[in-house]
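**Q** Given next are the chains, with one letter for each unit.
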Amino acid sequence: MSDDTPLLELRDVDKAFGSVQALTDVDFEVRAGEVMALVGDNGAGKSTLIKCIAGIHPMDAGEILFEGERVTVHSPKDAAKLGIEVVYQDLALCDNLDVVANMYLGREAHGQLQVLREPPMEARTRETLAGLRVTTIKSIRQTVATLSGGQRQSVAVARAVMWNSKLVILDEPTAALGVAQTEQVLALVNRLAEQGLGVVIISHNLHDVFETATRITVLRLGRNAGMFTRADTTQEEVVHAITAGQPTKVSGIPATNPGSGA
Amino acid sequence: MTAATQAPEAETLPPLDSLTRRIWDNIRTGNLGSTPVIAALAGVVLLFAFWAPNFWSPANFQNIINDMAGPTLIAYGVVFVLLIGEIDLSVAYVSGVAGVVVAQLQRPDAAALPWWVCVLLALLATTAIGAFQGGIVALIGVPSFVVTLAGLLIWNGVIFKGLPGVITIQSSQINDFSGYLFSTTAGWIMAGIVTAAYVGGNLWAAFAGRRHGIAVRDPIVFFGKLIVVPAITFATVAILNHANPASGVPLGLLLMIGALLVLTFLARRTTFGRHVYAVGGSAEAARRAGISVERIRILAFMISGAMAGLGGIVLAARLQSVDLNAGGGDLLIRVIAAAVIGGTSLFGGRGEVRNALIGAALIYTIEAGMFIKGFATGIIFIVTGVILLLAVAFDTIVRRVQARSGR
Chain A
96 MSDDTPLLEL RDVDKAFGSV QALTDVDFEV RAGEVMALVG DNGAGKSTLI KCIAGIHPMD
156 AGEILFEGER VTVHSPKDAA KLGIEVVYQD LALCDNLDVV ANMYLGREAH GQLQVLREPP
216 MEARTRETLA GLRVTTIKSI RQTVATLSGG QRQSVAVARA VMWNSKLVIL DEPTAALGVA
276 QTEQVLALVN RLAEQGLGVV IISHNLHDVF ETATRITVLR LGRNAGMFTR ADTTQEEVVH
336 AITAGQPTKV SGIPATNPGS GA
Chain F
53 MTAATQAPEA ETLPPLDSLT RRIWDNIRTG NLGSTPVIAA LAGVVLLFAF WAPNFWSPAN
113 FQNIINDMAG PTLIAYGVVF VLLIGEIDLS VAYVSGVAGV VVAQLQRPDA AALPWWVCVL
173 LALLATTAIG AFQGGIVALI GVPSFVVTLA GLLIWNGVIF KGLPGVITIQ SSQINDFSGY
233 LFSTTAGWIM AGIVTAAYVG GNLWAAFAGR RHGIAVRDPI VFFGKLIVVP AITFATVAIL
293 NHANPASGVP LGLLLMIGAL LVLTFLARRT TFGRHVYAVG GSAEAARRAG ISVERIRILA
353 FMISGAMAGL GGIVLAARLQ SVDLNAGGGD LLIRVIAAAV IGGTSLFGGR GEVRNALIGA
413 ALIYTIEAGM FIKGFATGII FIVTGVILLL AVAFDTIVRR VQARSGR
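Protein chains in written order, with this note's numbering: chain A, 96 to 357; chain F, 53 to 459.
The set of hints was computed from the structure by calculation and includes no laboratory data.
Please note that a few of the clues may not be correct.
In silico SDA-like cross-links for lysine to any residue, where the CA-CA straight-line distance does not exceed 25 Å [claimed, not checked]: (1) A/K146 to F/K277; (2) A/K233 to F/V453; (3) A/K172 to A/Q290; (4) A/K233 to F/H264; (5) A/K233 to F/V268; (6) A/K233 to F/G342; (7) A/K233 to F/R451; (8) A/K172 to F/E346; (9) A/K233 to F/E346; (10) A/K233 to F/T87; (11) F/K277 to A/R212; (12) A/K261 to A/V274; (13) A/K233 to F/A267; (14) A/K176 to A/L301; (15) A/K172 to F/R452; (16) A/K233 to F/V345; (17) A/K233 to F/R73; (18) A/K261 to A/G273; (19) A/K176 to F/W256; (20) A/K146 to F/V97; (21) A/K344 to A/L316; (22) A/K176 to A/R106; (23) A/K172 to F/V345; (24) A/K233 to F/F274; (25) A/K261 to A/K344; (26) A/K146 to A/H169; (27) A/K172 to F/R451; (28) A/K146 to F/R452; (29) A/K172 to F/T323; (30) A/K261 to F/G342; (31) A/K176 to F/V345; (32) F/K277 to F/K425; (33) A/K233 to A/K261; (34) F/K277 to F/W256; (35) A/K172 to F/H264.
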């Protein structure tokens, strides 16, 4: 795989729910080591696109290339096998379990007779959190219910990266957080990219997007409405694409990306 | 938080919590476990010791244990169902079904099967009942309240149809499930084994942790437990060995402790147990983590059925007979009350197997004390009901406090 090959590439993705066309001819790509923001208004198709990648919704048409190879993703398990992990907005943590138990939920280390092996799980959890410089959690044996919103987000992200994942998708990671905790999570997102992972971040908050993203993909009404490089664009330009952008691609004609500065 | 200021700290491990800090955190988040109930139990024991004549006697102690053994075993199973956030209202009559199966199969004039075959078949039957009810809850999605309420009626009907009236249990081995007393020496040996297993298991876990660089949390609590648990064990055996007229540790106590150890291990040390808590905490999170929520639900109801069966056999042995009242009366309420009063949450995900033992001990101690003191059954019911109400109210408040502290 050359440097130019995207980690994940989607081509001409179509998806309809009954008579509602949620995605039309959508292209999308992420490179290893970059943060790709996926933005768009409500109903633009961001979540649907993510769910196609995660294997929750099957695509009607189009193809997925992972590390340059055509792959099929029919279930969340297929996605996990490829190294794709999704952190959903509601985090999917069990409040009554401690940090270690949540990190290993459904994939517990066990010996014979399904007996849990706590020491290695605890040690690895500690390493993973330290590696991501998540230092605000006092004890990894405290229940998740006692953590702040930012800490919970950190646990969910750490869980996603612990399984040798190559691509981490974050759905609105800062939506419910205060200013300081948002900073904490955005710093964490940047560290994931520094460690060579591909990161996709869905956000409504353009400030957050401009603080972390390397590139920005805009969807509007289920179609591509532009792809921007963060360094060469402005918030106004992105807002314009979100609210009034024209489809950058018509079926059968190669994409032109008029808004792209790259 | 910036990467630059945090970087040096990343090298050191997160600091261990101090004991006071953890206690404060637990109070703040309402994670009190069974502490209030143990305090209440101690208070009740002291109260009756001074107030009720003959309460403070080894024989009475032995009697309380024999009374609570059956219901406690049933309550252990209820804990698992409560942990996944469901309820099982059929356990009392399911325990009655086990009594009927055992009584019918041991009849010398009919099947006359060996005692262990009777017991095994009774346990198989009640486990199958649990699987059936759990299957309807998990696979069809009928609320467990309704499924087990229907079960309550159905199994009561089965008991009526399955009995000609009263069957006396003539198999002495089956009757031993309640009446058997171990010899004084056997009692001491058991206390020694329990102590060795407890101390050994804890030390082994601590050394396994050290190999991975994990220190013992709260050394004071750790070593305190290593002293207190053996002390209580030996004190219990000492008291029971001085009971009049028949001294010794009842088999019921051994069953309660043995089942407690096995089920606690299952709940706390296996992937299955971890998944039970996960389903109770957030079924959706468990599902997304790849856990088969349906499988966990069915297995929890099967444990409930199996333990109801074992408890039912002990209850039948206690009476040395099975009649049309098997599993009836206030058994259901006491069993669920034992689990809930002990600190198991009705909302799922919070609780321990030992809660059932502590709750049952409280209920049966109060009952025995008030009985000796000469209170009417009605008053005893009212007191038990008030305690149950207090326990559930407490659980609800704790839940609200947790929701607030969870932000």
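**Q** Each hint needs a verdict: does it hold in this structure or not?
**A** Each hint tested on the structure:
no.	hint	verdict
1	A/K146 to F/K277	violated, 49 Å
2	A/K233 to F/V453	holds, 20 Å
3	A/K172 to A/Q290	holds, 24 Å
4	A/K233 to F/H264	holds, 19 Å
5	A/K233 to F/V268	holds, 16 Å
6	A/K233 to F/G342	violated, 28 Å
7	A/K233 to F/R451	holds, 22 Å
8	A/K172 to F/E346	holds, 18 Å
9	A/K233 to F/E346	violated, 35 Å
10	A/K233 to F/T87	holds, 24 Å
11	F/K277 to A/R212	holds, 22 Å
12	A/K261 to A/V274	violated, 28 Å
13	A/K233 to F/A267	holds, 15 Å
14	A/K176 to A/L301	violated, 32 Å
15	A/K172 to F/R452	violated, 36 Å
16	A/K233 to F/V345	violated, 31 Å
17	A/K233 to F/R73	holds, 10 Å
18	A/K261 to A/G273	violated, 28 Å
19	A/K176 to F/W256	violated, 36 Å
20	A/K146 to F/V97	violated, 59 Å
21	A/K344 to A/L316	holds, 13 Å
22	A/K176 to A/R106	holds, 21 Å
23	A/K172 to F/V345	holds, 16 Å
24	A/K233 to F/F274	holds, 20 Å
25	A/K261 to A/K344	violated, 29 Å
26	A/K146 to A/H169	holds, 11 Å
27	A/K172 to F/R451	violated, 34 Å
28	A/K146 to F/R452	violated, 34 Å
29	A/K172 to F/T323	holds, 19 Å
30	A/K261 to F/G342	holds, 19 Å
31	A/K176 to F/V345	holds, 21 Å
32	F/K277 to F/K425	violated, 35 Å
33	A/K233 to A/K261	violated, 28 Å
34	F/K277 to F/W256	holds, 15 Å
35	A/K172 to F/H264	violated, 30 Å
Hint violations for this structure: numbers 1, 6, 9, 12, 14, 15, 16, 18, 19, 20, 25, 27, 28, 32, 33 and 35, all remaining hints satisfied.
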